[in-house]
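Trainee: Two independent chains are provided; combine them into the complex using the hints.
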Amino acid sequence: MIEFKNIRKSFDEKVVLDDVSHVMETGKCNLIIGTSGSGKTVLQKCLVGLFEPDSGEILYDGISFTEMDDDGRKALRQQIGMLFQGSALFDSMTVEQNVMFPLDMFAKMNSSEKLKRVNEVLDRVNLEGANKKFPAEISGGMKKRVGIARAIVLNPKYLFCDEPNSGLDPQTSMVIDKLILEITKEFNMTTVINTHDMNSVMEIGENILYMFEGHKEWTGNNEEIIFSKNEKLNQFIFASKFLQDAKDMRMLEAKGIIADDRNMEDMLNNGEEIK
Amino acid sequence: MTFFTHFGRYLLMLKGMFTRPENLKMYWKEFMHQCNDIGIGSLGIVSIISVFIGAVSAVQTSYQLVSPLIAPETIAQIVRDTVILEFAPTLVCIVLAGVIGSKIASELGNMRVSEQIDALEIMGINTKAYLILPKITAALLTIPLLVIISMVLGIWGGRLAGAASGILSADTFDRGLLLKFIPYNVTFALIKSYTFAFIISSIPAYYGYYVKGGALEIGRSSTKSVVVSCIMLLFADYVLTQMLLTH
Ligand SMILES: Nc1ncnc2c1ncn2[C@@H]1O[C@H](COP(=O)(O)OP(=O)(O)OP(=O)(O)O)[C@@H](O)[C@H]1O
Ligand SMILES: [Mg+2]
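Chains as they are written, first to last, in my numbering: chain C, 3 to 277; chain D, -17 to 229.
Chain D on its own, in the form it takes in the complex (with noise of 0.2 angstroms):
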């Protein structure tokens, strides 16, 4: 099929996930289940990438400013803004995009396969509403916190490293932090995150809900989903830095 079929049945997917729920307690149950796959389950690893990468991004930076007329506050600050521009919000989501999106797209697939859509729909459930609405709504209200939390814990893994490893001490490094600190920047990732949450999320959902055929397909969309969703939300991120951060 051809860029533009795809991208056809993918926003009629989308249209049709806009009817009155059957049930509105069911959808909220199954939003809050989402909530919890996506959200509280990538926590453990959005956590751990968070700190490693806060502390390599504080031990680069100074290694790569050896002259004695730069201030030690200034790598502080360097580490605050590599981390809340673009490793928080872009990296975490991309992985995300292989946690989440394979997740997604397998549950679908399989779904599919099954003919357990088919049984939902046969029940007189839209389907593309309860099974696909959730994931996306969940994602839009867990990922943003979940980058949030890792601007904070990758900022922190900076201040660790920067300190056991001798480069500047945790007093210095939180002066840093205050200087020249742009609110806006904050408002800029968190925009950056709502669009890669729905890229992570809605990508996967279609490869899922289409598949065809076995359990070698899911394997294979789920695959191909993942790979879509980052090359997406790659040039999403592009885009969005093009137009928000160029004065």
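Excised from the complex, chain C in its bound form (with noise of 0.2 angstroms):
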């Protein structure tokens, strides 16, 4: 669990985070979302200690990382993994140097283990064969695999994720979802994941932190966002005519006023989900 009170940074003057303060839960997709400039960065980076908020206070598992002396968070960050928005593989190492790195400083495993768990990791983010491959020769798609196979390599006890799928099709785009979810169950993780895809949002989005400007707008989880009443998160979620229209339908037939043969089945089971 990732609790932090209070945060705000600010850039000479610029106030990018105002008062933000919420609870990421242990073994699920915690989700912050919001429209591009927002500082969902900023503060993904706080929280691991990229940069310091000028105040508030982080604690992981109610240990304070605010008051960690250099040492206290060298250790804590062994049990992070992170993947950047512009994935930040290493340049001068293949895709197989990159996923192997974290453990070749930390693990104590012979070279066949590593090399196991290095193919073991690829071939879960479908990135199988693409081992002698260097960075400059890839996709954007494929490095952003890459950052996410290196980040989970160790398996840690906090994964983040910085849009894990932006610049992926749909269908890949699903596959790292869906791993990412199966993970962070399997394993018990504190998943932090900074995206504006909507289908993630509603796929893997358990607890929604919705940033708008600097400050904390909404927060729920994806059965609750479709209905919110929140004006600014209705749009952004709905920022599409066809999302709107999906909606809107949706509501008419929950409350029963269209119900011809055709969707009659649709509504008595949206109808139970949304009472």
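Source of the hints: derived by calculation from the structure; they are not laboratory data. Among these hints, one or two may not hold up.
Unchecked claim - Straight-line alpha carbon distances no greater than 25 angstroms define the calculated SDA-like cross-link-like pairs of lysine to any residue that follow: (1) K110/C x H15/D; (2) K110/D x F108/C; (3) K76/C x L(-7)/D; (4) K11/D x T96/C.
Mentor: What follows is the structure, given as structure tokens:
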């Protein structure tokens, strides 16, 4: 569990995070959503200490990260995996060496065990066979997946992903979302994901924090989000006419206003869910 | 930023390099990698420069010493001393400041800008220790070696040019080399090269490590780091010569 209270951060006069508090729960995919520039990346970097917040407190399973010294942070960070928005692969190393790097540094394994583990995680992100390529030789989406593989190779307790599926096609994107959800459950991790992809939100959003211009605007889960009355949130989710129409339909159906034979069954199903 | 904030941050960076390594084997590997990059990588350019410097100084010395009262051996002596005292350590290190300095600054700058340094930091690695320390120690090991090679090649270049242009025969040159040889000069040159090695590796590392912005800033700070290291190098050269060579 990662709890943060009253985080403030500004870059010379410009307030980027304004009094943000929230709890990221263990064993769940915690999503930070919001429009571009709303402060998602800055918030995530504050949580892991790449930016020092101006004020506020961060607790990792009850232990204050804010007051931790360098050695304490170093020790904690060995349990953190992070995917950066720009992937941040080491470009002097091959895909395999990139994923192997945390193992080389911290794992007490022999080289065949390490290689086995690397191939295992590369498999999980659908990247088998790209081992010997350099980051400059693979596509943006592949880089993302290598970044994820590198972040999870040590089975971290806390996983941070900054836009894990931007730049991926819907299908791969789905695979990645599923993978993240799966390992979160499997290893009971605290996973924090920045995204503005509505598919991900609906698919894995168990605990959602909606950021608007640097402050917390709304929280809830993927079932509540569709029916939220929050206007700014609605503008964000239903940015497309298509989704708005779909929502209206669903609302009307739920209320039994349109009910022809064709969607009678749907209506019953949804009606139960919605109450 | 003022000179003092830069200097303070530079000292803090150097202090931050000294922590217990997370994994000694990986640090060793990185050190070897840097020795190869810095040492073997600049061997070619250093060799070429040294031979030509030696050759030119032989020809020039003979041009300046036209008196029949001076023995031709003196030319060898002068070539030997200028190469050992100044050309091999200082000139080679100025060239290396360009070659190695810009490489270190742009490598670290690129890692900073593309968040690779942050990625290492998040893994729980002390990036100052893992990225900067091996570069500085590799420079401290390989650059004095390069300077020694440069001394030998420089003198050899002088010998070749002397014989080829008929100024003095190789035998005379060899005799001259042994005249009034002061071993302390070599020690002095090595002291200089250790100092210069530290300057041309740590200053570019500082400029690269603290880059802010994008590709443009990487280029800018790498140029700046070369300029600053050259100035510091020449300044150190003067101070060391004043301290160690005046009786
Ligand atoms: N290092 C920095 N220095 C100054 N301002 C910054 C810095 N990093 C971010 N900002 C500012 O903070 C604000 C929030 O940026 P942030 O990167 O967190 O947005 P985001 O929500 O992650 O957007 P996106 O979805 O596009 O990634 C932006 O207005 C940006 O200009
Ligand atoms: Mg972002």
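Trainee: Each of the hints needs a verdict: does it hold here or not?
Mentor: Now the hints, each set against the structure:
no.	hint	in the structure
1	K110/C x H15/D	holds (23 angstroms)
2	K110/D x F108/C	holds (18 angstroms)
3	K76/C x L(-7)/D	holds (22 angstroms)
4	K11/D x T96/C	holds (16 angstroms)
Every hint from the earlier list agrees with this structure, and none is contradicted.
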